[in-house]
Structures are given as structure tokens and as C-alpha cells.
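Peer 1: Please construct the entire structure, taking both the sequences and the accompanying hints into account.
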Amino acid sequence: MDIVMPQLGETVAEGTLTVWHKKPGERIESGDVLFEVETDKVDTEVPAPAPGVLSEILVEEGETVVVGTKIGILQADGEDAPAPAAEAVVETPARAPEKAENSPAMAGKADAAAPPLSPVVRKLLAEHGLKPSDVTGSGLGGRIKKQDIEAHIAAHIAVMGDAYSVDGEPPAADRVIVPFTKIRKRTADHMVASKATSPHVLQAVEVDFHRIAAVRAAKGADWKAREGFSLTFLPFIAHAACRAIQEFPHVNASVDGDALVVWRDIGLGIAVDLGPDGLVAPVIRRAAGRSVADLARAINDLSSRARNNALTADDVSGGTYTLSNSGSFGTLITAPIINQPQVAILSTDGIFKKPVVVESDAGDSIVIRPIGVLAQSFDHRAIDGAYSARFLKRVKQLIETDDWSGALA
Amino acid sequence: MAELTYRDAVAAGIAQEMRRDDRVVFLGEDVAAAGGVFKATVGLLDEFGPVRVRDTPISEQAILGAAMGAAMTGLRPIAEIMFSDFLAVCWDLVANEIAKSRYMTNGQLECPLVIRTANGGGSRFGAQHSQSVENWAMAVPGIKVVAPSTAADVKGLLAAAVRDPDPVLFFEHKSLYATKGEVPDDDHVDELGKAKVLRRGDDVTIVALAAMVPRSVAAAEILASEHGISATVIDVRSLVPLDTRTILTEVVKTGRLVTVEENPRLCGWGAEIASIVADECFYDLDGPVVRITTPHIPLPSADHLEDLAMPSVTRIVETVRTRMD
Amino acid sequence: MAIEKKKAASASASTLANDDLGEDTRLALFRSQTEIRQVEQKAYDLFLQNLIKGTSHLALGHEAVAAGFGVAMRSDDYSFCTYRGHHHTLARGASMTGVLGELMGRDCGLLRGKGGSMHLTSAEHGVMGSYAIIGAHLPIAAGAAWSAQYRGTEQVSVCFFGDGTTNIGAFHEALNMAAVWKLPVVFVCENNLYMEYTPIKDVTAVENPAGDRAGSYGLEKIVIDGNDADEVYRTAQVALTKARAGDGPSLIECLTYRHSGHSRADPGAYRPEGELEEWLKRDPVPTYRVRLLEFGVAEDALAAIEAETKDAVEAAVKTAVASPPPGEELLYADVWADGGASWRN
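Protein sequences, first through last, are from chains H, B and P.
Taking my numbering, the leading residue of the first sequence gets 1, the next gets one more, and so forth.
Taking my numbering, the leading residue of the second sequence gets 1, the next gets one more, and so forth.
Taking my numbering, the leading residue of the third sequence gets 1, the next gets one more, and so forth.
Only true hints are included.
Using 27 Å as the maximum straight-line C-alpha spacing, the simulated DSSO-like pairs for lysine-lysine come out as follows:
#, chain 1, residue 1, chain 2, residue 2
1, H, K123, B, K253
2, P, K221, P, K182
3, B, K100, P, K53
4, H, K23, H, K70
5, P, K201, P, K281
6, B, K253, H, K182
7, P, K201, P, K221
8, B, K194, B, K253
9, H, K354, H, K396
10, H, K219, H, K354
11, H, K185, B, K253
12, H, K131, B, K253
13, H, K224, H, K353
Chain B regions said to be covered by chain P (calculated; three or more residues, Cβ under 8 Å):
#, region
14, 64-71
15, 89-96
Partial list, derived from the structure: chain B residues whose beta carbon lies under 7 Å from chain P:
#, residue
16, Q61
17, L75
18, R102
19, Y103
20, T105
21, G107
22, Q108
23, L109
24, P141
25, G142
26, P165
27, D166
28, V240
29, P241
30, L242
31, R245
Quick caveat, the hints were computed from the structure, so don't treat them as lab data.
The model shown is predicted, which means the values in this text are computed figures rather than measured ones.
Positions of the beta carbon are idealized from the N, C-alpha and C atoms, including for glycine.
Peer 2: Here it is as C-alpha cells:
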């Protein structure tokens, strides 16, 4: 029977086969994880379709293929065997059953099915006072590799005082070496590529959030009691941004060669910081026309699931515009990096009470208002400063002048 | 510096040593007038004359006996055994006589000689003219064993072998004879017992010898560019004396060892290195030691079959990739 | 058993006076044979006392060949012999203590116990090894001759081997190369009629295993009475002179007999009845003694040599028995020129 690249999301057209869990010649039972597929940063384990023997691998690890591509052949139980093809000389036999029997003896765990701990891993665990369960294994079947322990240590380094050395040599006194985790490395590559692709321009507006602040003050407690999570400024900003996008659709687009692909709907990406596990931007699909309450629930759902490593492939695909929220850190302004292949990203930063000038018929007065900066990085291939500025002005206008009191109905 | 072929580097190395030391003499079958069946000794007869450069009958035992007798009595002979497979014909001289006479005679007899021979497959010469037998030599105490992979190493290591007071078996690789490389012009002496790290990576240490070295380097490049696996590649160069320090240092850094050996599987040279690593680097290993070798079969003649048998770049890439986990 | 004599160089020994050889030479020949005889007999005794371990191949009966060449050779000539080589080693001047000590595996042995009976070597005396692989040393001896030729020193390489050797490949290769290159090497076949336990005639296609092959290499057939030290000496001289003159190799077959078995383990039961007794009548040492007396050498002189030899042998045994076994550090000594055994860093 053929093994094909599955479709892991409605809009997913291709997948990258990251890991084969079995080798040609190996026995597979139903439910055994056969391979892993990565789509937009989500890794999915795919079980075997039927019990049998994996007879051939056609797509190698690291290859990206279109959904439906035949990636392997399974000799399912009860099937007639195909005519054997001329095979190249294979020097080492496929991993024989006796290797599986050796594993439990080697593993430091009581669970016989857990992948074994290699000698260097056992040494490092002992040296650093770690248990195997403390460390996430990135190897086959969750096997802990040397790099996993090194990454774990790097992520938990105490920078002040004693320097941790990861490679066994006494560290130079003037520095601490912090190896990149896989996620960090991927993020780094993505960021470099984004900057290399899009000519970034930053524009910002200062926004008066007093109307939204008033709604939060009035209805925040009820909301929290009812919904189980706090109502932040973010869903309101998202709502305003989505409405502004409908008037300025070119910020919700992608560059394709010499053309701008303007998306009809909005896939609103919400950037979530996972700490040492990096950044991820799950997407609220069909964000246009959603209410503030709906957006609030969606944001909460996605960020919780992101933190619990429970995002699906659909969750991280289909983004057309991204919101990046640094507000809790109290920063003034951020110049975010565009989430390719989008053309713009909006950053919201700290909202602080500030004295501002308010005009009225009676003259100018100074009032205390909650003020925050909204900054958009845009791809200057797609749009110009004037267009972006008008978009930002509209977002500011919506936030400052809309009647948000009925927003949570 | 000059760009020389591997075969020209042989002649250059011999010539360099014969100019330097009158005690160096050279003998073998068809080495003088014909310049060697592989054309590796062209020009030596012209420069040094028929007294110092001698064509012999087809008499491997007499060739090595002559070299040994001469070495014991003050000369520094270089003897050629045309194909390393023929060492089996005179193996008594190598293993029983040359290797052991210093030890058995409590140091009274010495054998400062070099036996150079064309080793290895890939030339479609069939099973009796294609073997890699450096592991046979490694297994006998008392002989030094060298197998260069580049023209520069040929000249430098041959010079070191000639100057070495111990007997050296110098395995040239016949399918490398046409390869080219930069070779220093003037007095060029390398060092026996020193491996070379050709590239450094983080994920795996690949240890190779002779013709397997360029294949391992090519495989490492593919592993890096297409599979995100970065490999260290070490050219062992000298099996005896063995540069274990370099090998162990690099294996500790990556936590993994793969050997690439042309000899047939059983008791190939990599088995010894695997054993040393398993013993002395056990607690630094992040995965099993893997040996990539020719299978334990005689080498077939047909080109497609021979290529399947010898470790290819593809097989090296695939084996490393699939065993990396 | 017919014995061929080469016409020109030797005749019936007993009718020659001390004219071509001289008394000094003859006494040297006598002393050498006496020393060999006594040391080998002592070695046999030491077997029985279990002081000599392993295996040993005695040369009792071969004394004349060793002495004849030993006296004829220059001190800087090279000699190569087989595992049955105690006599050649002693004949070149190596010490009895060294020989017996080596047989007993003691530190005073020529090789400090590293080599044993089959590998006796004394480079300072030109004894360039005793070889245990049949035929191996013939090409090596040719190599030493090549070296002498190259260096122009007129040294000669003399190679001793048995009748069985003539049937092994290395014999052919060495003879051919030596003849083609005109090497200064003398190949001496001690034909004692038995290749280990088998009569040589049963396994050889020609009657004289060495002599009848000489022609294959363009060499003269030379077969002599190997139990006649004078004949050996004269034949050796001719061959050595020829080699030193640059006229190439010689192949000499010396007919002789060994009194004991092939090795310690062999009582020699395969020999036909009466054969040993026949040969003992022509035992080289007592027959040479008789000849010297016939030449007019004083009995006292001969007795003195025998007595001195006896004392020397006793002293050598005493020294050797008192010598300790080799130290453990020798285990790793001298695999390489640097004195060590290391194959790695």
C-alpha cells in the first residue's frame, strides 16, 4: 500500500517530511508513529495506516512535497508482495529485533519503550543533576540527544556569577557561551530572510486609548468572571485594525514577483512569545467582521494553545496580517520584523497615562489619558509611506473615536 | 609549489630522497626502463642510473629479500611490489622476517626500508588486482603502515618513510594516480603518525583513508548543504603509528564516529579505531559507532558491480544521514 | 651412497701434506669443529636436564661445513643460516655463553632471550640471523650481497641451508636473481639426506638437490664431501674468491649427515637401520683428529685444544645457568628503532 503526504490543514498544500520513525524492512504495528511532517512550524506525527512492514522510503527526511505525493510503500499484512526491485548493496542490515531488546537494558528508565540514553547523555544528565524527564528530546522517537541537554542548559543558564560551560572546557572569564536551540536557529533564519526580502519601513502613531480604557474599566471584571481570562486592549486594537484593513486592503497582501496579491479575507496573526521556545504567530481566520468579544476569545484560545504546544497546522497557516503585542513589557515603540510572506506588521507597545492636549470649543486643556504607540513595519515594495500613514491614521481614528461601549455585546 | 599528479609525486619523492642520500636504492618489476606499470617512477633511471634503480625478475620474495638484506647492511632501499595483492606472494618476508627481525635479535638487526605498492580498487582490474590490504599490514607488529590520499602527502610521507629507521609499507592508491594537487617543490618531508583534519563540523566525525578520503569530503559537503548535518572529516594517513589523539579529540567534540573503509568488512582498519573509541570515548558517544566498508566479498570486475561494492559518496551520505537519528 | 668429488680442488685428503692449508688453518678448523661438537653435546645434555626449553635443532655431524666456511670467511663477511644454526654461529666467533644462554632463555643469551635457538644472531660477527622459515633467508642473503656489491666493499654473503630448502620457491628466486645480478653470494646446501623426517630423494626430482639445479642458473655443479673440513675449506675459498672478484654467486652442495633427530622431539626412527652407524664411521670430528695426527700434529696440541674447549664450555654453562631470565621490560623493547613498541599516541 502507498503511503502519501497527508493534508494536515484545509489550506495546506504541501508538507516537509522531517523524520522517518521507521526504516525499510522494519515491522510496523497499527498506531506506531511512522513519520513526522512539518507545516509552518507545527510538527505532526503521522501513524501507520496499517500493520505491516515498511518496504520502501521514496521521500527523504527534509524534503518538501505536495500533499498526496507518494512518500513510501508499506507492505501491509495480507497484501501480495511486489516483485523485488534490484537493490543497491546495503551494508548494514536493517535494525534487527535484537536491537530493540537491547534498548531497555540501556535506558535509564523503567519504561521499556522509551528510547535509550546514550553514554554522553547519561554523563551530562549526571553532571548537571538532571533527570531524563527534565529534558525534551529532539531525536528519533523523542530520544534525548547531546544537543538537547546543551540547549536545556543554555536556556537555564544563570548569567551572573558562575559561568556554565557546555562543552567541557573551562569558559573564558569574559564570556558565557549560549548555544542556539533549534527554535532559536529557525527564528534567526526567518528573521534574516524577512529583512533580506522586504525593505522595511517603520511608521508610528500615538493613540489615545481612553474610550477603550473606559470600557475595560466598566466591564472588565464581569468579563473575567464570565470568560475566565482578562480583557486586554489587544482585541480592541485587532478589531480596529481589521476595519482599517478593509479600507486599505493593500496592507493585507503578499508580493508575488511583480504583483501584489491582495487577500480578500483577513488571517490575523497574533504573535505569541514562548520564551526559550521562540515566537509563534497563530492565525485568527476570517478575522474581518468578527466582534471584539469573538476576537478576544480567539486570541486567548490561540495563545493558550501556543503555550501548551497544542497548535494545529491550520492554526499557523493562512496569516495575511500580524499583530505583535509588546504592551506588557512597557516599551515605548517596537520596529517589528514582517512575518513573511505578508507585507506589514503592527506592533502595540506600552500604554501609559500621559498628559495630552485636548481641544474643545472652550479652548485647549491638558488631561491625563492612556497613551500608547502603534507602529507598523511595512514592505516598501508593496505600499508607500502615504498609504501606510493613512491606514495608521484610520486605525488611530477608530480607536480614539468609536463608541466601544457596545463592543462586548 | 607545483601542481603534480599523485603518480608524479611518487617519482618526485623517490628522487628527492635518492638525491639526498646515496644509500637510497630502488628496485622492482618494470620500475626502471619502463618507469613503472603505473608510470609512477618515470625518470628515475635516467637521473640515477641502472646501479641505483634496478629492474628485477618477477620474484616478489627475492625483491623483498634483497631489500631486507640491503637494509640490514647499511643501505636504505625502496622496493616496489607492483600490486598490493602480490604482497600475499611475499608475505613471509613482510610479516615473518622484516617485521620481526629487530625484535627477535634484541635490536641487532634493523630494516630501514620502504615497500611501496599500488593498493585499492576502482580500476576494474578484478578481484586479484584491486584489493585494499593495508589492514593486513596493520595487523602485524613491527611494520609501519601509511596510505596517502593526495599528491603532497605522497611526496611528504614517502620522504618521511625513507628517512624512518623502521620498515614502512607505503600504500599508494592506484585510482588516485591521476589526481592532482599542489606539492611543495623543495625538500618536503611530512610526518608519519599524524592524521589530518580536513574539515570540521558539529554533528559527526568521519574518519577515512586513501581513496575514501575525497569521497568522504564530498559526502560531507552534501550532508551539510542538503541535510543540515555538519561533519568533521579526518584523513587518517598513517595506520601505524596511529594518531589516536587527533581522532579521539574530534570524536569527543561531535559525539559520533563513522569510519569509511575500502577494505572488506571483517577486521578492516576501522574496526580497531571503533574499538579504541568505544573504549576511550564511551562516555562521550551520542550514538553507536558506524563503519562503512566494502562488504565482505571479493571485488567484482564489472564497473557497475565494483562501484556498488566500494563505499560510494551516495552510500556514505545515506548511511550517515539515516544513522544520525 | 655415492659421493661425487670435484676433481680439481680436492683429492684424497689423507695423501695431502700441510702444504696448501698450513697447520694454523688446520688447527683452527679442528678447534672450531671441537667447539661446535662439545657445545652441541652440552646442549643435548641440557635438554635432558630441562634447562633448554622449546625446540632446538642440533648440528651434530655438520661441524665440518661450519668450520670450513667459518675459517675461510673474512670477519666482515656476512653469514645467514637456518634454525639449525648453532654451529654456524659459533664458527663465526660468537660466544658459547651467548649461544647456550640464548638456548636457555637467559639474559646473557645472544638475543637476551628474545629470539631463541632458531634465531641466533651476532651482528658484530657477521652472523646476520638464523632463519626459521625455510628458504626465507636466501633472498635476504642475496640482498646483503647486493649491498656489498653496491658499496664496493668486496664483502661476501654466505648462505647456509638444508636439502629441503632447494624445493621451496624462495630458493629459485634467490638463485636466479643472484646469478642475473652476479651478486657476491655463496649458497651452501648442507645435504644431510633428510628434509625433516622424509628422505630428500623421495621428494626431489633430481638426485643432487642443489648440485643438479645449479645449471638452471648458469652455475657450476659443485657437490663435495661435507664431512671433510679441508675439502669444505678449499671449496669455500674458491667460491669466496670468485665472489670478491665480482664473478658472481656459487652453489655448493655439501654431503653430510646429522647424528641426532631433526629436532629435540625426533629420535630419528625413520632412518634405515645401519645408516647412522655408517655415517658415524665418517664422523667429521674424530676423522679430522686422525688426519691431523697423520699430518704430524702433536697429540698434546690436540688434547690441549679439547681440554680448553671443555673448560670453556663448562664455564659458559655455569655463566648461563647463573644468568637471570630476561627482565619484563624486554617485552616491549626493540619493536622499533627507538627501542619501544608504541603504535599510537
